Amino acid sequence: MHLETFELHQPTHLEDALAVASSHPGEFDYLAGGTDLLPNYKMRLNPRAHLIALGGIPELHTFAPADGTFGALATLRQLETEEAVARDYPGLVEAARQVATPLVRASATVGGNLLVETRCFFFNQSPSWREALGYCLKAEGDRCHVVPQKERCYATFSGDLAPSLVVSGAQVDLLSPEGTRTLPLEELYDGRGDGIHRTTLLPGEILVRVRLPREARGRPSTYRKLRVRPAFDFPELGVAASLALEGRRVRSLRLAVGGLETRPRSFASLTDPLEGENLTDERIADLARRVQAAVRPVHNTFLAPDYRKRMTEVFVRRALTDLKEAS
Amino acid sequence: MAKSASEPGGPTAEVRSNPASTGGYRLIGRRLPLVDAALKVTGRAEYTDDLKRPGLLVGRLLKSTQAHARIVEVEVSAARALPGVAAVLTGERFPTPFGVLPMTHDETALAVEKVRHYGEWVAAVAAQDEETCEEAFRRIRVRYEPLPVYDDPEAGQRPVAEKIHARALRDTNIQKEVFQHFGDVPRAFREAYAEVKVQGRFAGVNHGFTEPHCVLAEATPDGRLTVWSATQVPHYLHRALSEVLGLPLHRIRVIKPEVGGGFGGKSDPFPHEIACAALALETGRAVKLLLDREDVFYVNHGRHPTRNTVRLAANEAGEFTALDVEALLDGGAFSSFGVVTTYYNGVLALGPYRLPAFRYHGVRAYTNHPPSGAMRAHGGTNIRYSLEMAVDALAERLGRDPLALRLQNLLSANTQTVNEFRITSNGARDCLTAVRERSRWRERFRQLPFGEGIGVACGFYISGSNSPIHFTPRFPQCTVHLKVDMDGGVTIHCGAADIGQGSKTLLAQVVAEVLGIRMDRTRVAAVDSDTAPVDLGSYSSRVTFMMGNAAKRAAEELREILSRSAGEILGHPPEEMSFEDERIHREGSPEVGVDFLTAVHRAMEHRGALVASGSYESQPMGGTFKGAKAGTAPAYSFSAYVSHVKVDLETGFVDVKKVWAAFDCGRALNPLAVEGQIEGSIHMGLGQLLSESMDYRGARLMNPSLLEYKILAPQQMPEVECLLVGGEDPEGPFGAKEAGEGPLIPVLPSVGAAIHDALGIRFLDLPITPEKIFRALERSRRDGGAKKPPLPRETTES
Chain A
1 MHLETFELHQ
11 PTHLEDALAV
21 ASSHPGEFDY
31 LAGGTDLLPN
41 YKMRLNPRAH
51 LIALGGIPEL
61 HTFAPADGTF
71 GALATLRQLE
81 TEEAVARDYP
91 GLVEAARQVA
101 TPLVRASATV
111 GGNLLVETRC
121 FFFNQSPSWR
131 EALGYCLKAE
141 GDRCHVVPQK
151 ERCYATFSGD
161 LAPSLVVSGA
171 QVDLLSPEGT
181 RTLPLEELYD
191 GRGDGIHRTT
201 LLPGEILVRV
211 RLPREARGRP
221 STYRKLRVRP
231 AFDFPELGVA
241 ASLALEGRRV
251 RSLRLAVGGL
261 ETRPRSFASL
271 TDPLEGENLT
281 DERIADLARR
291 VQAAVRPVHN
301 TFLAPDYRKR
311 MTEVFVRRAL
321 TDLKEAS
Chain B
1 MAKSASEPGG
11 PTAEVRSNPA
21 STGGYRLIGR
31 RLPLVDAALK
41 VTGRAEYTDD
51 LKRPGLLVGR
61 LLKSTQAHAR
71 IVEVEVSAAR
81 ALPGVAAVLT
91 GERFPTPFGV
101 LPMTHDETAL
111 AVEKVRHYGE
121 WVAAVAAQDE
131 ETCEEAFRRI
141 RVRYEPLPVY
151 DDPEAGQRPV
161 AEKIHARALR
171 DTNIQKEVFQ
181 HFGDVPRAFR
191 EAYAEVKVQG
201 RFAGVNHGFT
211 EPHCVLAEAT
221 PDGRLTVWSA
231 TQVPHYLHRA
241 LSEVLGLPLH
251 RIRVIKPEVG
261 GGFGGKSDPF
271 PHEIACAALA
281 LETGRAVKLL
291 LDREDVFYVN
301 HGRHPTRNTV
311 RLAANEAGEF
321 TALDVEALLD
331 GGAFSSFGVV
341 TTYYNGVLAL
351 GPYRLPAFRY
361 HGVRAYTNHP
371 PSGAMRAHGG
381 TNIRYSLEMA
391 VDALAERLGR
401 DPLALRLQNL
411 LSANTQTVNE
421 FRITSNGARD
431 CLTAVRERSR
441 WRERFRQLPF
451 GEGIGVACGF
461 YISGSNSPIH
471 FTPRFPQCTV
481 HLKVDMDGGV
491 TIHCGAADIG
501 QGSKTLLAQV
511 VAEVLGIRMD
521 RTRVAAVDSD
531 TAPVDLGSYS
541 SRVTFMMGNA
551 AKRAAEELRE
561 ILSRSAGEIL
571 GHPPEEMSFE
581 DERIHREGSP
591 EVGVDFLTAV
601 HRAMEHRGAL
611 VASGSYESQP
621 MGGTFKGAKA
631 GTAPAYSFSA
641 YVSHVKVDLE
651 TGFVDVKKVW
661 AAFDCGRALN
671 PLAVEGQIEG
681 SIHMGLGQLL
691 SESMDYRGAR
701 LMNPSLLEYK
711 ILAPQQMPEV
721 ECLLVGGEDP
731 EGPFGAKEAG
741 EGPLIPVLPS
751 VGAAIHDALG
761 IRFLDLPITP
771 EKIFRALERS
781 RRDGGAKKPP
791 LPRETTES
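These protein sequence lines are chains A and B, in that order. Residues in the first sequence are numbered from 1 upward in steps of one, following my numbering. Residues in the second sequence are numbered from 1 upward in steps of one, following my numbering.
Okay, chain A solo, but in the shape it has when bound:
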């Protein structure tokens, strides 16, 4: 399979990238590591006529674990090989190490993983496969084959880093022609709540960097990933957790999941009430059951949704039990 012809732009300044973008509204994609975008282009999944490669922009390559700052183009390999990251943000490294394969991680980036395209059995297929089925909402069609209707796309958010960064309280710096703004990472995904309009990015807006707050540094955290194989596969469920105890009482507990719905989710309303409480096995089990009850996977990935839901309880419970025992 080959890529269709596109025009490649290689700006060396953020402003130039924005300028190229604004001259081709709706007809471009930003290119980071390309490990997800280019395979999708080969499958003719919404290819654009213009690709704006961001690799030539130095400030996107920032890699400053000591400040908790990672440029959008920091690679997953950098994350998983830098000792300071492993020490300060163990859950983030666990997540990075479980993405795809070492070869992919050498190119794949932090920004790319946060903005990775949502996935679905009926979308991630070749042109002739989709033609035979009649296409779908997310590309060239007008209906969803997962939940038959014509309004909402159920494609699944399949990034591994987002849940880990969310539990660390990450913020993202964004740049658009309107200026700079900073959002809690979680709000990046407050789009229109479906698999197509899945972020709050403005047209042409660039994710510049991720910043982790000082208090997240060194806080015990972990990431558990459900998938058929311990390599290659996207998450069928990803559970990130961070836990700080004071004595036996919870000082801070955060939980986020990915791979289940169209966006990563956290569960502040379930975890906040536990602050100051003694984190007993019963409380952990109860929390895990509540998270399981809250999530709504659909049948558009390899493993069946009910199993993924049931595993949510197991993975949450195991993640928290491990963190508690390690503290």
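Because the hints were derived from the structure by calculation, they are not lab data. All values derive from a computational prediction rather than experimental measurement. Where a beta carbon is used, it is the ideal one built from N, C-alpha and C, also for glycine.
Some chain A residues well away from chain B (every beta-carbon gap over 12 Å; in silico):
1) Q10
2) A106
3) H197
4) R214
5) S266
6) F267
7) L274
8) G276
9) A293
10) R296
Listed below are the simulated EDC-like cross-link pairs for lysine to aspartate or glutamate, each with C-alpha atoms no more than 20 Å apart in a straight line:
11) A/K309 - B/E771
12) B/K658 - B/E443
13) A/K42 - B/D292
The hints should help you fit chain B onto chain A, whose structure is shown.
Below, chain B alone, put in the same frame as chain A:
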């Protein structure tokens, strides 16, 4: 063009052997790296897609978007008119049907009149580049008239509104139906002390080879057609090209470059090979056609989705008295090897156990799935899984240790099965005792903690089909030519396809052994039909046995010639000559000798190049009943594996910790290569057992990609302890038998049995995904909880 000769031994270290440890041989029985290993690991080996020709065009095939439909019209004029397009073909141009078995030709280069599965090819384009091919496809209009879609072989046994093929039986979609009965099965069951019934269900699996199919075809102004293809059987391709394209064999040249894995998936002649050759003829140029992975899944010819029922009876002493098998195979859209597969799914149950009565009913039905065909351990894995599960269930019923029960029921050496398979060498007993000891079976079976288990299973497999697919049945099954020129290099011409399994290495090893020369003095010219004699291909685990014997005989003929020359020089009779260390000397007097090259030059005087030839032809065997030849072989490999697993009781994930793999391949000619086959087989077998599945919704394949078709990741490989326990086979070359397919068979049931030992639940629906285990554990918890089955008294006592 591909260099078809390689340089065996170039960078390979030739360690001096201790002849005592290898039966007196210098090269046979040694752990030798494959002769092409250095080329492959450095990226220098040439595969079909690496080849270039002047003016090379790109070929592409248009996939059907219907599962079953009449083709009303394929409008191609707009595509033909596109600049850069050299040719557009549709099915009518070369409509002659072909197929791997002479009696079931039902495939065509491109769909004719109707399409029978999603992804079947309806048009072929040759153009200046891939983009132009795609643009041409956009300009092709195919009008289909949809037909009823059949995705269930069960339904295919009943009358259907629209038969997938006119040649299907009666008014059904049945392609082949087999009935066999030996002894008195109903009576044996009436009189049985114990009987068990197991119903297995197996998803279809694909070979998953690394290199997608690729073919390059070139028509030249001298009226010849040359086809380079990633094929396991150049000879069948040669035949099919000749028949479909209407060219005499001698005007077609078939070359097999390096092949990146076959596993049975490159053993049929394929539509894309014919279509590419047709494009070359149409354009008078060279055309290369590389399939993408989705195409590989659609052309498939992989393992049949299967349902089977196995009933096994025993007397009070624990002796098996009868086996009753039913199998239903989803053949997909075409016949391929289906007739053979249908037989194999019954008769390959007839070893390594004594079974005095056997009944089999097998059906293969066409469906609108991609065609099924032959895959490594063809016809042997699914019936084996159900049979071994039945043996375990029977052991449980009888309160017996399953390993001991197997030992009790083994066939002996030099015997015959109820359906008249001739068994000669048989290492099954050694295999079972080896894994029993190495795995510390008696301490572990039923005694590991809940969730952890150990299981045993046996296997056997043909070492070369005795009645191969043969167009000229009086020809030998394999011929090898040797040619020696003044440089003293021995060129080995052979039609056997090295598909990564190491047949080139074997040729070099055998010839160098017989002639007492270094392997790097040999060069293997395989495969170019212009120079290679016929070999029937790399399938049915026939190459070591048949090609090995042919090569040995050719080398022995050459040795006779050189013995005479050396004898003349030395003034001693030729029968006293001994060949070793690149010298020919008088037996017992190494100082009275000449070097190899001197003898070669003497032999060449007044006659030019030395040539010699050897061939292999197996003896007639098998009974006279219908289907008696299916499964006959000049030898059989035997095996027994013990596997150790640990199951995550909350998620259902299986961790296969270790496999003890005892295998009787006779004398292992190259233990390193045999161990590679065992390890690779375990990886492949575990894939089918645990996660691989052609996942259909109706006729639609949901996972035609290597991301969603779940071949095991390297981290999932267990530790493997290979135990090569065989003796010598009386007819195999240097006593050798096959090791390419048999090693796959026991891994599935041994792990299935280990899961049963871990959980007390026998899983009969493959793949055994984590979800299925999770569900089963949940059900058993509701029913009072899963637990270990009881420990048979015999386990600790025997």
